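Numbering (this note's numbering), first residue to last: 611 to 887.
Watch out, some of these pointers could steer you wrong.
Stated by the list, open to error - 27 Å max Cα-Cα, derived DSS-like pairs, lysine-lysine: (1) K744 <-> K857; (2) K663 <-> K857; (3) K741 <-> K663; (4) K854 <-> K733; (5) K675 <-> K741; (6) K733 <-> K744; (7) K675 <-> K854; (8) K854 <-> K815.
Quick caveat, the hints were computed from the structure, so don't treat them as lab data. In this text, all values refer to a predicted model and were calculated from it rather than measured experimentally.
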Amino acid sequence: MSLFCCPVCGEPLERGLRAYLCPRGHSYDIAREGYTYLLPPNRKHSADPGDDKGMAAARRAFLSKGYYRPLLEALQGLALDRTCPAPAVLDAGCGEGYYTSGVFRALLEAGREPRAAGIDISKAILRAAAKREKGVEFAVASSYRLPLGDGSLDLLLDCFSPLALEEFRRVLRPGGRFFYVVPGPDHLWELKQALYDRPYPNEEKETPYPGFAYETILPVEGRAALESPEDIRNLFQMTPYYWKTPKSGSERLAALETLSVRISFRIHVFQKTEGLL
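Please work from the sequences and hints to get the whole structure.
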């Protein structure tokens with residue numbers, strides 16, 4: 611049985627060779643790459659939402675070089691410490707599946723029996739995710755209307771993606787964990803110095819959410835030595851700065867051959883308390 615539910619009627623989906631099927635006869639084709647489409651047309655805000663092909667390619671190329679491996683290893687350690695022997699895991703806003711696959715593989719290698727899924731709004735980027743990891747289910751879907759059953763998850767990952775708290779509360783079981791990854795104050799500081807005349811640090815805050823208890827905030831710090839203009843361009847293209855940087859800043863960045871940047875993350879670890887006795 612799939613982790614996914616039918617987005618039309620809410621019944622559990624069964625994965626076949628070519629399609630997902632629900633007991634009421636709704637069917638969702640599986641693309642050649644291995645993902646399915648669970649975003650009804652009336653919930654799309656554009657013809658092709660999410661990251662485009664260029665951003666998907668940039669993310670895949672950059673992350674495959676291991677520049678953000680410290681974050682992946684921290685997520686793997688937290689997942690191993692805070693999950694049961696057979697956890698159900700979702701990566702909400704999974705992108706090209708780097709963290710999804712990494713956490714899933716770490717659980718497998720530790721002798722666990724995980725079931726894992728990833729969703730993203732971008733069809734282009736899910737093609738890469740489904741090619742990367744065949745052991746994980748992937749679907750085009752919205753974090754604000756997750757195609758999963760109530761209380762069906764033990765662990766939910768959210769790495770730089772929208773915070774859909776009502777849905778996260780709904781799909782996590784009581785006692786389930788939620789890892790929320792955000793940039794630290796000095797994340798990519800040197801990149802910002804090249805792009806902007808007056809860069810400023812990211813805001814750092816601790817925000818409690820109803821139905822969840824804070825367990826910890828884990829800082830992840832390091833440096834990434836970008837070895838080529840291509841790596842610099844790929845990093846730039848996978849950040850929000852790509853869409854809002856003045857031409858002068860983009861030109862300064864394009865002139866660089868190498869760049870050493872700080873990487874700084876905060877993993878906010880929550881446990882769902884709603885429903886606990």
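Hint check:
Annotation: proposed proximity of K744 to K857 is violated, straight-line Cα distance about 40 Å (limit 27 Å). Taking the CA atoms of K663 and K857, the gap is near 22 Å; set against the 27 Å cutoff, the hint holds. Of the supplied pair hints, the one linking K741 and K663 holds, its CA atoms being roughly 15 Å apart against a limit of 27 Å. At most 27 Å may separate the alpha-carbon atoms for a hinted pair to count; K854 and K733 meet this at roughly 23 Å.
Of the supplied pair hints, the one linking K675 and K741 holds, its CA atoms being roughly 17 Å apart against a limit of 27 Å. Taking the CA atoms of K733 and K744, the gap is near 16 Å; set against the 27 Å cutoff, the hint holds. Note on K675 and K854: the hinted pairing holds, with a Cα-Cα distance of about 26 Å set against a maximum of 27 Å. The straight-line distance between the Cα atoms of K854 and K815 is roughly 24 Å, inside the 27 Å bound, and the hint therefore holds.
In summary, the one numbered hint that this structure violates is 1.
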